[in-house]
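With the hints as extra help, turn the sequences into a complete structure.
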Amino acid sequence: MSLFMEDPAHFSKSRLKLDLVAHNVVLPPTKSRKEIYVDLYLKHIAQKNAGDFSSDDEDQEQDLADKEEEEDAEILVQSCLTDDDLKAALLKHGVKAGPIVASTRALYENKLRRLEQSEGQGHVNGVEKGVLYSDSEEEEEQGEQEDGESGSEGAKEETAEQSNQAQQGSSQPSQEPVKDTIEEMFLNMEASPTGICATRRRPIKGAAGRPVQYIYPDTPTSPTTLERREVERRLVPIHIQILVFFILACLLYIIYVCVEGNSFSPFVALLDSLDQGSESEEGLMLQAETQDTPVISGQE
Amino acid sequence: MSSTSQKHKDFVAEPMGEKPVNALAGIGEVLGKRLEDKGFDKAYVVLGQFLVLKKDEELFRDWLKDTCSANIKQQGDCFGCLKEWCDAFL
Numbered sequence: 001m002s003l004f005m006e007d008p009a010h011f012s013k014s015r016l017k018l019d020l021v022a023h024n025v026v027l028p029p030t031k032s033r034k035e036i037y038v039d040l041y042l043k044h045i046a047q048k049n050a051g052d053f054s055s056d057d058e059d060q061e062q063d064l065a066d067k068e069e070e071e072d073a074e075i076l077v078q079s080c081l082t083d084d085d086l087k088a089a090l091l092k093h094g095v096k097a098g099p100i101v102a103s104t105r106a107l108y109e110n111k112l113r114r115l116e117q118s119e120g121q122g123h124v125n126g127v128e129k130g131v132l133y134s135d136s137e138e139e140e141e142q143g144e145q146e147d148g149e150s151g152s153e154g155a156k157e158e159t160a161e162q163s164n165q166a167q168q169g170s171s172q173p174s175q176e177p178v179k180d181t182i183e184e185m186f187l188n189m190e191a192s193p194t195g196i197c198a199t200r201r202r203p204i205k206g207a208a209g210r211p212v213q214y215i216y217p218d219t220p221t222s223p224t225t226l227e228r229r230e231v232e233r234r235l236v237p238i239h240i241q242i243l244v245f246f247i248l249a250c251l252l253y254i255i256y257v258c259v260e261g262n263s264f265s266p267f268v269a270l271l272d273s274l275d276q277g278s279e280s281e282e283g284l285m286l287q288a289e290t291q292d293t294p295v296i297s298g299q300e
Numbered sequence: 001m002s003s004t005s006q007k008h009k010d011f012v013a014e015p016m017g018e019k020p021v022n023a024l025a026g027i028g029e030v031l032g033k034r035l036e037d038k039g040f041d042k043a044y045v046v047l048g049q050f051l052v053l054k055k056d057e058e059l060f061r062d063w064l065k066d067t068c069s070a071n072i073k074q075q076g077d078c079f080g081c082l083k084e085w086c087d088a089f090l
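Sequence order for the protein chains is Z and H. Per the numbering used here, residue 1 is the first one in the first sequence, and the count goes up by one each step. Per the numbering used here, residue 1 is the first one in the second sequence, and the count goes up by one each step.
Be careful, since some hints might not be right.
[Unchecked claim] DMTMM-like mimics (lysine to aspartate or glutamate), calculated; alpha carbons at most 20 Å apart, straight line:
hint: 1; chain 1: Z; residue 1: K96; chain 2: H; residue 2: E58
hint: 2; chain 1: Z; residue 1: K87; chain 2: H; residue 2: E58
hint: 3; chain 1: Z; residue 1: K96; chain 2: H; residue 2: E57
I should point out that these hints are in silico values taken from the structure, not numbers from a laboratory.
Here it is, written out as structure tokens:
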């Protein structure tokens with residue numbers, strides 16, 4: 001819709017002619033009436049003007065509307081995606097997603113949305129870089145918090161973080177980190193009455209020969225592990241238990257074999273020797289008895 | 001000396017067993033209550049969520065923020081605590 005309605009009927013014939021020529025419209029014969037010029041003018045030029053005017057006004061509105069529609073459509077589309085589709089979409093952006101379950105689905109949808117928005121902004125900072133920036137900034141924040149530096153430096157961090165976040169278009173609202181840093185600062189203040197916290201600066205991971213993993217000077221032992229160790233010291237160690245078990249097993253096996261009377265020659269020899277031993281003993285006892293009985297009978 | 005808390009060291013020293021969710025580093029009374037209301041009443045349930053997210057830092061932090069409104073420090077503490085526990089026992 002044009003802002004102001006031009007009435008070509010008010011124009012002079014020469015004006016109409018000039019306008020028609022300017023818009024490359026074929027002129028009617030020179031002797032034709034003004035009305036014909038007006039009609040032609042209305043037909044070609046008015047439409048054109050209407051088109052131009054609307055493009056001036058509605059372009060901006062349309063852009064906003066389009067963006068909103070796009071976002072709404074995006075959200076709708078994402079929620080309509082199946083788990084597999086969501087996983088494939090994430091893979092397209094280079095993200096290898098884990099299982100998409102009820103509890104993880106919302107997180108992955110947010111991640112996809114963030115990736116698509118950051119791509120739409122034209123790869124200003126890659127999303128991975130964005131994550132790195134946010135992580136390193138958070139680490140720096142924590143490190144500086146622990147050093148207990150003054151609020152001005154904290155404010156600098158906040159503004160730097162905010163500008164970075166604005167560039168990245170990350171989902172975290174800019175107010176949250178501000179609140180968090182203020183909270184952390186106040187936490188430190190509460191701990192010490194003077195408000196000065198002197199803690200050791202966090203060592204840089206992997207630098208100057210420092211190992212990346214956490215290493216504690218003493219192995220941490222909880223009370224339960226200490227108790228367990230003491231109890232284990234008093235009990236018989238396992239190796240000795242196994243040894244005793246094997247010895248007993250062998251003894252039992254030998255006894256079993258002896259009782260059953262196996263056909264193994266050494267065991268047979270063992271048996272024979274035992275028998276001979278017992279026979280000789282019996283023989284001696286019998287002789288003794290026979291000797292005794294005549295003696296006894298003799299005495300009687 | 002590292003910058004981990006006593007709570008962190010206690011948690012990472014032994015298998016978590018049936019420890020409550022308050023035992024996690026970064027999770028105090030308020031956050032613990034919120035997690036319990038959502039059904040995460042034991043530390044191992046939060047560990048489950050951590051593992052389902054494939055131990056990814058960004059996703060786990062987002063999940064913590066969405067579930068119990070943890071701030072950045074708390075998110076970091078909890079993530080570090082669980083990551084170290086997994087390195088030691090998983």
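Okay, the hints, checked on the actual structure:
| no. | hint | result |
| --- | --- | --- |
| 1 | Z:K96 to H:E58 | 13 Å, holds |
| 2 | Z:K87 to H:E58 | 17 Å, holds |
| 3 | Z:K96 to H:E57 | 14 Å, holds |
Of the numbered hints listed earlier, not one is contradicted by the structure.
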